[in-house]
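Enquirer: If you use our numbering, the sequence shown corresponds to residues 330 to 370, in order.
For the record, the hints were derived by calculation from the structure and aren't laboratory data. In this text, all values refer to a predicted model and were calculated from it rather than measured experimentally. Worth double-checking, as some hints may not be accurate.
Label pairs and their calculated CB-CB ranges [claimed, not checked]:
#, residue 1, residue 2, range
1, 358, 336, 31 to 37 Å
2, 336, 362, 35 to 41 Å
3, 335, 370, 32 to 38 Å
4, 343, 363, 28 to 34 Å
5, 339, 364, 50 to 56 Å
6, 334, 354, 27 to 33 Å
Using N, Cα and C, we set each Cβ at its ideal position, and we do this for glycine too.
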Amino acid sequence: DTLLISPDSLSFLAVGTIIGGILAIIAFSISVVSIPMLLDR
330 DTLLISPDSL SFLAVGTIIG GILAIIAFSI SVVSIPMLLD R
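Please construct the entire structure, taking both the sequences and the accompanying hints into account.
Expert: Given below as structure tokens:
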């Protein structure tokens, strides 16, 4: 009964990785747009 090998933990890990990737892409795209605007002022 190890935690990392059970199918529930693998699906939970996959969902968490996908959600984290989506949040990272959103944060990256916001910073790509907002940093040049801040530097332009």
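Enquirer: Would you say the C-beta atoms of residue 358 and residue 336 sit inside 31 to 37 Å of each other?
Expert: The hint (31 to 37 Å, Cβ to Cβ) holds, given that residue 358 and residue 336 are roughly 33 Å apart.
Enquirer: Would you say the C-beta atoms of residue 339 and residue 364 sit inside 50 to 56 Å of each other?
Expert: Violated - the Cβ-Cβ distance for residue 339 and residue 364, about 37 Å, lies outside 50 to 56 Å.
Enquirer: Just to be sure I understand the hint, the distance between the Cβ atoms of residue 336 and residue 362 should be within 35 to 41 Å; is that true here?
Expert: holds (39 Å)
Enquirer: May I ask you to test the hint 28 to 34 Å on the CB atoms belonging to residue 343 and residue 363?
Expert: holds (30 Å)
Enquirer: Could you see if the CB distance from residue 335 to residue 370 stays within 32 to 38 Å?
Expert: violated (52 Å)
Enquirer: Within 27 to 33 Å: is that where the Cβ-Cβ distance between residue 334 and residue 354 falls?
Expert: At roughly 29 Å between Cβ atoms, residue 354 and residue 334 fall inside 27 to 33 Å, so the hint holds.
Against the hints set out earlier in the document, violations occur for numbers 3, 5.
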